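Asker: Each chain, letter by letter, is given below.
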Amino acid sequence: DIQLTQSPSFLSASVGDRVSITCRARHGINTHLAWYQQKPGKPPKLLIHSASTLQSGVPSRFSGSGSGTEFTLTITALQPTDFATYYCQQVVNYPLTFGGGTTVEMK
Amino acid sequence: QVQLVQSEAEVKKPGASVKVSCQPSGYTFNNSAITWVRQAPGRGLEWMGWISSYNGNTQYARVLQGRVTMTTDTSTSTVYLELRSLRSDDTAVYFCASGGSCTSRSCFVDGLDIWGQGTLVTVSS
Chain A
43 DIQLTQSPSF
53 LSASVGDRVS
63 ITCRARHGIN
73 THLAWYQQKP
83 GKPPKLLIHS
93 ASTLQSGVPS
103 RFSGSGSGTE
113 FTLTITALQP
123 TDFATYYCQQ
133 VVNYPLTFGG
143 GTTVEMK
Chain B
480 QVQLVQSEAE
490 VKKPGASVKV
500 SCQPSGYTFN
510 NSAITWVRQA
520 PGRGLEWMGW
530 ISSYNGNTQY
540 ARVLQGRVTM
550 TTDTSTSTVY
560 LELRSLRSDD
570 TAVYFCASGG
580 SCTSRSCFVD
590 GLDIWGQGTL
600 VTVSS
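Protein chains in written order, with the numbering used here: chain A, 43 to 149; chain B, 480 to 604.
Hints are supplied without guarantee of correctness; some may be wrong.
Said to hold, decoys possible - Partner residues are not named here, just some residues of chain A that face chain B (Cβ under 7 Å, in silico): (1) PRO50; (2) PHE52; (3) ALA76; (4) HIS91; (5) SER94; (6) LEU96; (7) ALA126; (8) VAL133; (9) LEU138; (10) GLY143.
Derived by calculation from the structure, the hints in this document are not laboratory data.
None of the values given here were measured: they were computed from a predicted structure.
For every residue, glycine included, the Cβ atom is placed at its ideal position computed from N, Cα and C.
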């Protein structure tokens, strides 16, 4: 199984901050990585697929980068609606594992 | 509104089986994969597997092999998840989600873009 390690697990930030979340894969996965946002009591929402392709309707302050084993989700100018938990998922090797999640909290 | 609609919450005893349904509303599956993901209380996301809306092919997580079955009723476009021999650690919210594309051989899922609202399954004696 391909283990995905997200860091940090928790992040405190303020509205307007630039935030970066890292996802590291134990083995190379090219650009076969997706990012999701989840709020309490709701299903996840797809933000980015193929490591850097913004899903339709997702604000451009979200961006993804990376390939191989290291990936980054960046939120420029954090908005109040962005306080949530973020997950990465590799989509190339079975099982299609998720990272452990990063919770972005209000400072 | 494009969405997936899931069945209501269930309470089951250990050793029993549960069957959760998932139906599209406002769109059709259109050869996509329907993936099941679960989330135990306060925990992260766990991929369970997918079923092809193209031909019913399946891919399951190894840890669930032998206990899980995903099926589709093409007449109603409804997808089902059945989990057997339930244990307390199967207590979770179960989500269905669609995304990717399928051929006669397999599916490639690059992201899950439409999700159901989730179904809470509680396993308790």
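Asker: Could you run down the list of hints and mark each one as holding or not?
Answerer: Results for each hint:
At its closest, the beta carbon of PRO50 of chain A sits 15 Å from a beta carbon of chain B; the interface hint therefore is violated under the 7 Å criterion. With a cut of 7 Å, the hint placing PHE52 of chain A at the interface with chain B is violated, because the nearest CB-to-CB distance is about 13 Å. A distance limit of 7 Å between C-beta atoms decides the matter here; for ALA76 of chain A the minimum to chain B is near 4 Å, and the interface restraint holds. Look at HIS91 of chain A: its Cβ gets to within about 3 Å of chain B, closer than 7 Å, so that hint holds up.
Look at SER94 of chain A: its Cβ only gets to about 12 Å from chain B, farther than 7 Å, so that hint breaks. Using the Cβ-Cβ criterion of 7 Å, the hint placing LEU96 of chain A at the interface with chain B is not satisfied: the shortest such distance is roughly 11 Å. For the restraint placing ALA126 of chain A at the interface with chain B, the shortest Cβ-Cβ distance is roughly 13 Å, beyond the 7 Å limit, so the hint is violated. Given the 7 Å rule on beta carbons, the hint for VAL133 of chain A holds: about 6 Å separates it from the nearest Cβ of chain B.
Because the smallest distance between the Cβ of LEU138 of chain A and any Cβ of chain B comes to about 5 Å, under 7 Å, the interface hint for this residue holds. A distance limit of 7 Å between C-beta atoms decides the matter here; for GLY143 of chain A the minimum to chain B is near 5 Å, and the interface restraint holds.
Checked against the numbered hints given earlier, the structure breaks hints 1, 2, 5, 6, 7 and satisfies all the rest.
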